[in-house]
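Enquirer: Just so you know, the sequences run in chain order A and B.
The first sequence begins at 10 in our numbering and counts up by one.
The second sequence begins at 16 in our numbering and counts up by one.
Just so you know, these hints were derived from the structure itself, not from any lab.
Remember, it's a predicted structure, so these values are computed and weren't measured experimentally.
All C-beta atoms, glycine included, are put in the ideal place defined by N, C-alpha and C.
It is possible that part of the hints are untrue.
[To be verified] Label pairs and their calculated CB-CB ranges:
hint	chain 1	residue 1	chain 2	residue 2	range
1	A	Ala126	B	Lys81	36 to 46 Å
2	B	Ala58	A	Ala262	27 to 37 Å
3	A	Gln237	B	Thr79	22 to 32 Å
4	B	Phe78	A	Leu267	35 to 45 Å
5	B	Ala58	A	Val271	18 to 28 Å
6	B	His105	A	Tyr334	17 to 27 Å
7	B	Ala65	A	Gly96	16 to 26 Å
8	A	Asn13	B	Ala65	21 to 31 Å
9	B	Thr79	A	Gln84	41 to 51 Å
10	A	Pro135	B	Ala58	21 to 31 Å
11	A	Pro228	B	Thr79	15 to 25 Å
[Stated by the list, open to error] Covered stretches of chain A (in silico footprint by chain B; criterion: 3 or more residues with CB under 8 Å from a CB of chain B, positions within the stretch not fixed):
hint	segment
12	115 to 125
13	176 to 187
14	303 to 311
15	378 to 388
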Amino acid sequence: MKGNGYARMLWAARELWVHPKTSLGMALVLALLTTMVAAGLLLSQALTATISSLLDQGPDLVVRRVGPAGWQPMQEKDAALALAVPGIIEARPRIWGTVGTREKAVTVMAADAATIARLMAPDVLPPLAPGQAIAGRGVSIEASSASLTLQGATDLAVHVVRRFPSRSDMATHEVVLLHPGDVRRLLGLASNQASDLALHVFHPEEAEALRPDLARAFPWPVHVATRQETRKYYAAAFGRRGALGSMLYLPAALALMLLVAVVVRQQIGDRRRMGLLKALGWTSRDILALQMTKASLVSLPAIATGLAAAYGLVYAPSQSWIGRYLLGWQKTAPLLHLDVGYAAPVFLEVTGMLLVPFGAAVLWSSLRLAAATPQDLLDRGN
Amino acid sequence: MTTGKNLPAKGDRRAELRGDAGGDPTPHYPPDFLRFGSWLLVAITAILTACILTVVLDEVRTFTPKPDPAGMFYRAIGLSEPALIPAGRHERQPHFLPTAVDGRYLPLLPRETPGGLPLLDAGQLSSPRETP
Chain A
10 MKGNGYARML
20 WAARELWVHP
30 KTSLGMALVL
40 ALLTTMVAAG
50 LLLSQALTAT
60 ISSLLDQGPD
70 LVVRRVGPAG
80 WQPMQEKDAA
90 LALAVPGIIE
100 ARPRIWGTVG
110 TREKAVTVMA
120 ADAATIARLM
130 APDVLPPLAP
140 GQAIAGRGVS
150 IEASSASLTL
160 QGATDLAVHV
170 VRRFPSRSDM
180 ATHEVVLLHP
190 GDVRRLLGLA
200 SNQASDLALH
210 VFHPEEAEAL
220 RPDLARAFPW
230 PVHVATRQET
240 RKYYAAAFGR
250 RGALGSMLYL
260 PAALALMLLV
270 AVVVRQQIGD
280 RRRMGLLKAL
290 GWTSRDILAL
300 QMTKASLVSL
310 PAIATGLAAA
320 YGLVYAPSQS
330 WIGRYLLGWQ
340 KTAPLLHLDV
350 GYAAPVFLEV
360 TGMLLVPFGA
370 AVLWSSLRLA
380 AATPQDLLDR
390 GN
Chain B
16 MTTGKNLPAK
26 GDRRAELRGD
36 AGGDPTPHYP
46 PDFLRFGSWL
56 LVAITAILTA
66 CILTVVLDEV
76 RTFTPKPDPA
86 GMFYRAIGLS
96 EPALIPAGRH
106 ERQPHFLPTA
116 VDGRYLPLLP
126 RETPGGLPLL
136 DAGQLSSPRE
146 TP
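Only chain A is shown next, with the shape it has when bound in the complex (with noise of 0.2 Å):
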């Protein structure tokens, strides 16, 4: 056996073979346990990353007028109060809300006619008509007819004319492009209103020394959001989300613990053969090696498909299931594609953490066999 690493391995995988049962139990055991731990923590690292990326793309602020009873809408010339505080480059009226359809609550947006030209050509799409809809994935449409009914301080119906495409769910599941003036309808506006500013910045990192001073801007109370607030807001809700997810971890770390017990169980049990083959003039370096051997085998092999089972349950394309059971959505969750730049980290931080007890359980019971003497082995048995 010295020297020769593959016939070490080819015995180890002979005595694995020995007990099947639980051979395959433990890897079992192992690869699940493995799943569930880096499917949670991958899964946090790449919604965190991917709200961040989205929202980076977004306004650095959003001013929204307020009174005694919340929101109240601004008019579209206000957008020059902000232009004149130093450091705002861009203020953009929006005109957008919540309203209902049949099935549920959709996000209604006006898309005037630079919008939709930032979406696309205007050969390909002309500017929305009074009337006319582009709906995310989400949003149920009338398939003969293409229509939908939005409710809100008055019912529209509109045609929906084009969807988006469903890698843009994260941002467009459920939002539907209106003309501005049917925007106003629903939501009880009146002409040249607009639900809030949104605004860029010269230096993204002065956003939050601007808020006094868009604050004194305007001649009425405003609520200034920056988006290190909407950052630290989604990644508060998630962390909550991910401390229920953690309590899965509890029985988590019990299973590993009756892993490595069944593990030390399973080679003390091996104590007459291990006689036999000191007897038969194995050293204790050969059985130490042995042992190592065989547990490398069962871990590292199911180790790796629970963490490929994790990174596939996460990552994988157009998969839904992170929205239907973690984010409240029923029928018609967001397809997530999510950035897959922290994947590294995690795997070995997970592998660590399931290899180094392991690795320890084993190693211990396995000095204990190779430093017992033969006759001790063989007397004492199973």
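Chain A is fixed; fit chain B onto it per the hints.
Expert: Okay, now just chain B, sitting in the frame of chain A:
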């Protein structure tokens, strides 16, 4: 005395593999188990290779940044909240929300924004410290 009554029949292969043959408590492992061992090694190597290749190839495929349609639409439309949580819920829009949707769980519950309460109306009290 061994009567042979409890011994497995001659040629009982499964009993031999279990080590029950001949009443000897020491398990016997026939040498041809090495053949199964080599198959097991091949299977383990294949599983490991498939898992590593799948993840590595996918990581390499997504390593170069590609156009993000969600981000492009998000910027073009001017959104400020991603569509991960259903619309109409407080969690979706944490800030003040222009909405035509009644977010109450039950229609009998009071509305979320009741407006200024009469007791807080400055016209009724000449001073905030004044008490009846």
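Enquirer: Does each hint fit the structure? Answer for all of them.
Expert: Hint check:
Under the hint 36 to 46 Å, the C-beta atoms of alanine 126 of chain A and lysine 81 of chain B, about 23 Å apart, miss the expected range. About 30 Å separates the C-beta atoms of alanine 58 of chain B and alanine 262 of chain A, a value consistent with the hinted range of 27 to 37 Å. For glutamine 237 of chain A paired with threonine 79 of chain B, a C-beta distance near 29 Å keeps the hint of 22 to 32 Å intact. Checked against the given bound of 35 to 45 Å, the beta carbons of phenylalanine 78 of chain B and leucine 267 of chain A, roughly 39 Å apart, stay inside it.
Take alanine 58 of chain B and valine 271 of chain A: their Cβ atoms lie about 22 Å apart, and the range 18 to 28 Å holds. The hint said 17 to 27 Å for the Cβ distance between histidine 105 of chain B and tyrosine 334 of chain A, and at roughly 20 Å that hint holds. The hinted range of 16 to 26 Å is not satisfied by alanine 65 of chain B and glycine 96 of chain A, whose Cβ atoms lie roughly 54 Å apart. Separation of asparagine 13 of chain A from alanine 65 of chain B is about 27 Å and conforms to the stated range, judged on CB atoms against 21 to 31 Å.
In this structure the supplied range 41 to 51 Å holds for threonine 79 of chain B paired with glutamine 84 of chain A, their Cβ-Cβ distance being about 45 Å. For proline 135 of chain A and alanine 58 of chain B, the Cβ-Cβ distance of about 60 Å falls outside the hinted range of 21 to 31 Å, so the restraint is violated. Restraint check, proline 228 of chain A to threonine 79 of chain B: a C-beta distance of roughly 50 Å breaks the suggested window 15 to 25 Å. Given as covered by chain B, the segment 115 to 125 of chain A passes the check, having 5 residues with a CB less than 8 Å from a CB of that chain where 3 are the minimum.
Counting residues of the segment 176 to 187 of chain A whose C-beta sits closer than 8 Å to any C-beta of chain B gives 10, which meets the bar of three, so the coverage hint holds. Beta-carbon proximity to chain B at under 8 Å applies to 3 residues in the segment 303 to 311 of chain A; the threshold of 3 is reached and the given coverage holds. With 0 residues carrying a beta carbon less than 8 Å from a beta carbon of chain B, the segment 378 to 388 of chain A misses the three-residue requirement, and the given coverage is violated.
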